[in-house]
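The residues making up each chain are set out below.
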Amino acid sequence: MSTQPRRLKSGGRIDRSKPISFRFDGRSHTGFAGDTLAAALLANGVTLVGRSFKYHRPRGIYSAGVEEPNALVTMRTGARHEPNVPATKVELYEGLEAFSQNSWPSPKYDVMSFVNRFPKLFAAGFYYKTFVGPTRGSWMFYEKFIRRAAGMGKPTTEADPDHYEKAHAFCDLLVVGAGPSGLAAAITAGRSGLRVILVEDDTVLGGSLLAAGRDPKLADWLKSALAELETLPSVRVMTRTCAFGAYDNMTFALLERVSDHLVTPAPFQPRQRMWRVRAERAILATGMIERPIVFANNDLPGVMLASAARTYVNRHAVAVGRKVVVFTNNDTAYAAACDLNASGAEVSIVDVRSRIPAALQAQVAAAGITLHLGCAVGRANGGRHVRSVDVVPFDPARPERASVRTRLSCDLLAVSGGWTPTLHLLGQRGSKPVYDEDKAMLVAGTVPEGFEIVGGAAANCDLGFCIDSGAKAAHAAAAACGKPHAVSGRSLLEGLPDQGDAYGIAPVWMVPDPLGKGHGKKFVDLQHDVGADDIELAHREGYVSVEHLKRYTTLGMAADQGKTSNLNALGIMAGIRGKKINEVGTTTFRPPFRPISIGALTGPETGLHFRPIRRSPMHDWHEAKGAAITTTGLWLRAWYFPKPGESKADAYVREAAAVRKSVGLTDVASLGKIDIQGPDAAEFLNRVYVNGFLTLPVGKARYGVMLRPDGIVMDDGTTSRISEHHYFMTTTTAGAGKVMSHLEFLLQTAWPDLRVHVTSVTSQWAGMAVAGPRSRELLEKVITDIDLSEEGLPFMGVRQGHAGDIPVRVLRISFSGERAYEVYTPAGYGMQLWQTLCDQGKSCDMTVYGVEALGALRIEKGHVAGGELEGRTTLTDMGLGKMASTKKPFIGGALAQREGMTDPLRPQLVGLELAEGTGTLRAGAILCDPAKRYARTIAKDTSALIDCPPNPASKDFDAGNGSGHMGHGIGFVSSVTWSPELNRNIALGYVSGGMARKGEQIDAVFALKGELTKVRVTSPHFVDPEGPSWAFGCPSIA
Amino acid sequence: MPVDCLNVTTHEDISLFRVGPTRLWFVSEASSARLTDFFATLDAKDAVATAIGHSRTVLRISGPEARTVLNRGLAIDLDNGAFPEGVFVQSVIHHIPVLVHRLPSSDGPVFEVFVSREYAVTFWQWLIEAAAPVGGRVLEMA
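Sequence lines, in order, name chains D and U. For the first sequence, position 33 matches number 33 in our numbering, and the numbering has no gaps at all. For the second sequence, position 75 matches number 10075 in our numbering, and the numbering has no gaps at all.
Any given hint could be a false lead.
[As the list claims (entries may be wrong)] Here are the simulated lysine-lysine pairs, DSS-like style, with alpha carbons at most 30 Å apart:
hint	chain 1	residue 1	chain 2	residue 2
1	U	Lys10045	D	Lys887
2	D	Lys521	D	Lys323
3	D	Lys483	D	Lys472
4	D	Lys580	D	Lys432
5	D	Lys432	D	Lys472
6	U	Lys10045	D	Lys738
7	U	Lys10045	D	Lys888
8	D	Lys521	D	Lys154
9	D	Lys323	D	Lys517
10	D	Lys700	U	Lys10045
11	D	Lys625	D	Lys648
12	D	Lys1014	D	Lys648
Keep in mind the hints are simulated off the structure, nothing from the lab.
Next up, chain D with everything else stripped away, as it sits in the complex (with noise of 0.2 Å):
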């Protein structure tokens, strides 16, 4: 176990009583409490973390942030492992281990780094010059080498064991950003009674104040801020949580890491949660994200940006170099310089800019550090690790090659090429950033409405500037929400030290190589191995656009999404153009602002929460009794109740078997049931429904069919007349949700003149079908306040009584042809009446059936359901079109009469059986005309469509589909089963012409399997066709 050889003695914001041992690449190393994982590699020597994502370079740790570009690691392992996390975001925990990426055997001798001595080979578009042949296929061949040599870590196949979770929350303001700016503004608006969120990405809050210098006035005001914001009682803070989108009307995204600092979540705690916040007003805190510069070699572990070195020295008290270099163009990386040289640091600057503010030469004269004035560093050098630069001069308004003026030997490099406000919120809201010449930045272009960006963020380096902007755009939103009324504090201006944060910069995108130094690597997106080279072939090969810039290169397309290299590479292109930026462009940011796990995203709904269900008042009954589940929509239904050594097949078969010899009782509280009052109602329904309601008597129920509004059917049902203004429609299982909101459209938009009210009472009523000839005889022993003669309830009949003190309401309808009765009763007493009728039902011979055998039953007698009412079917097309009214207009009939609707070869509804008694029936089989078989096929090889013999042995006859046929062919079949009654495999299907085929032979083919079966044209009523039917011929429910 290594000692952190590179902590330092003293200082940090760290916690030294509390070590914490971890494991990286399998070895041991401590940590303590405060740390990040990259800083705890830091303290520890470990340098080198992982190889690039093409070329396989050696890659260390660029940054202190969100932002790292190089240092991606994978977490954990078995289920929990996670590839790609920046290792500057892992807050150190004990027993962490994580592991380097994309290197074997190690980091440090990686057998694929050969790679990077053909760049060539590898450049911008790649995949489509270097691996385009010599053969059409060679593309498929050399995928697979290319896809194991590059990428990232690899993802578990394992399932997640942690449980995710979303969260709603409202507040007037929400604070993003807790620095000094995002601090000032969350106290200011809690002094205000604002109800406040205050969101901070990091475990703690202070944001550039943590990475600050020694001065003690900053550790005070941070100090009193948070003990003042702790008495805000409106103020909600929430550490460890990104917001990392924002969307329309003010709401954000945010992601809360509950449990990530811990090895496995608590007990019954989430591992992530995604917060969906509304607020009123946002304040933007987001501070700034410091650029690299491009030279040669950039990429050198050792080499990082000036402020994360600052922030390994100053809160982690990580001794990260020993002789520093620090390379910028900008006043702000002298307080770094200053810092690492107060850590014992060896300290030189080099700074493009020939003229620097005096008060900043005398800070670092005094400090003793050798200042390299108008020079830039041409190249690092080294192998694993820089071991020093190569110092040219430099003049950032005509940047040309020069000869090396010195060399210094380092093992740090800080690079500062100015700063980025880190607008992408803001840039999600479609507000675009614009470029600032003077302060060499993208700045904030428009505002919208509700948002303010304060501090860093607007562009503004003076700590002054940022906490006062902060305060005053607090005060602006209270204001804007009505509470201007501050409770009177101190001033948060107060206890600050006198610290001129000038920011005086030169530009700077990129030193060309020294000279006669041969040509160095340029990385310009360090986590996509995109190079300076890259950009001015792009620019070369036409991809001028940035947008087109980016895709063809993939620059700031990996997971840290440019956050490091999108300016640059804009500053690169613009030069090569001879542009100013704006002109070239700027980028589109999106959410989310970092990578969020897809965990989050789906949160709870996965597994039994995948979606909601439904269930039957008479469920419980289904699950204690065995039965298989199936689902219809959200509905769980019985599917059919297996005897014990049953198949699905032997019980359905039973079921429906015994429904048809005695009697059989099946769970329809599934159908949609809606509740239709008023003294239009009878219209109402003449004006929906296709075939009259006006003449239906009280206590008579009636098959009616309805079309959308474009003539196609939608659903089907009863309905009856419970009394002179009172109806009760009943929908198939899946078309209830649909024709209560069509029901309720027309009464809103179409008719708000009839009085009528409808009303969903799926809910409301238990359903069950007692069907087969013993039918009566079961409901007689049950139902003794109703007559249920021939004569007192007669087919089509409704009326309504008690099964001893339970109401029911008993429409004798039927779906399997049968004599057959519906039940309904009020759901809280759906269990109590079944019970009662399964108890009855012994001595009738009861079966209790599921909906496989409900399915078989009403295919036997040709009735449609959902396979045949599937959204393209006419009422002509389901044999029903005599059942459209001709003395009324009805919702979808003008429509219904277009040409394409009546073509006489539209597929019409047809039984199907199988004509050689042998192959398999499939629902969503194409039925083709076997006399245009073979007619045309594929060749195999040269895939052209070529005129073929009728001979299945022919090398040309497979045909894709194994069958021979091709197109759409004449028709579909929507449902199949295997009839108990006749014994036999039987179908229903739409078939072009119709009945006029009855008899007839043609082909099924199901090209998934390649199959094609012989079938034969029949009427759909393959049971008693001329026996008891209700008064359209062909009714049905489902």
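With chain D held as given, fit chain U onto it using these hints.
This is chain U only, laid out in the frame that chain D set:
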């Protein structure tokens, strides 16, 4: 008669929820003779009554974390200022339609959630899982 679709009006044992512009819910804990008599007087020309008592399951959620748990799925601001006692909303939780009503209480917030009966089990399963992180446990199942 409630004037808006936000506040519950209560007369003795009967609460009125205006759930739509021309739609009222009459809610009582037990069957009410007063209600039955009242409905019998309705003329279909003016108003109709439909029984839906069996169609809803009502859960009562209270305790210091009641808001936290409901807001795991309910996108409605339940803060005192936005959702005082006597207010109700119709929304969805975990894709399940719900009506949430805040009851008067002197002892912390109490919410009634009306859930369609067929969704009750699924809602309950969601609820106990949402409540677990803040200490919700099922102690006994009847």
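Going through the hints against the structure:
1. U/Lys10045 <-> D/Lys887: Cα-Cα ~27 Å, so holds.
2. D/Lys521 <-> D/Lys323: holds (24 Å)
3. D/Lys483 <-> D/Lys472: Answer holds: D/Lys483 to D/Lys472 is near 14 Å, not above 30 Å.
4. D/Lys580 <-> D/Lys432: Satisfied, since the Cα-Cα distance of roughly 16 Å is no more than 30 Å.
5. D/Lys432 <-> D/Lys472: Measuring from Cα to Cα gives roughly 24 Å; hence the hint holds.
6. U/Lys10045 <-> D/Lys738: Answer holds: U/Lys10045 to D/Lys738 is near 27 Å, not above 30 Å.
7. U/Lys10045 <-> D/Lys888: Roughly 25 Å between the alpha carbons, so the hint for U/Lys10045 and D/Lys888 holds.
8. D/Lys521 <-> D/Lys154: Measuring from Cα to Cα gives roughly 27 Å; hence the hint holds.
9. D/Lys323 <-> D/Lys517: holds (23 Å)
10. D/Lys700 <-> U/Lys10045: Since the Cα atoms of D/Lys700 and U/Lys10045 sit roughly 23 Å apart, the hinted pair holds (cutoff 30 Å).
11. D/Lys625 <-> D/Lys648: Measuring from Cα to Cα gives roughly 15 Å; hence the hint holds.
12. D/Lys1014 <-> D/Lys648: Distance ~26 Å between D/Lys1014 and D/Lys648 Cα, so the pair holds.
Comparing the model with each earlier hint shows no violations; every hint is respected.
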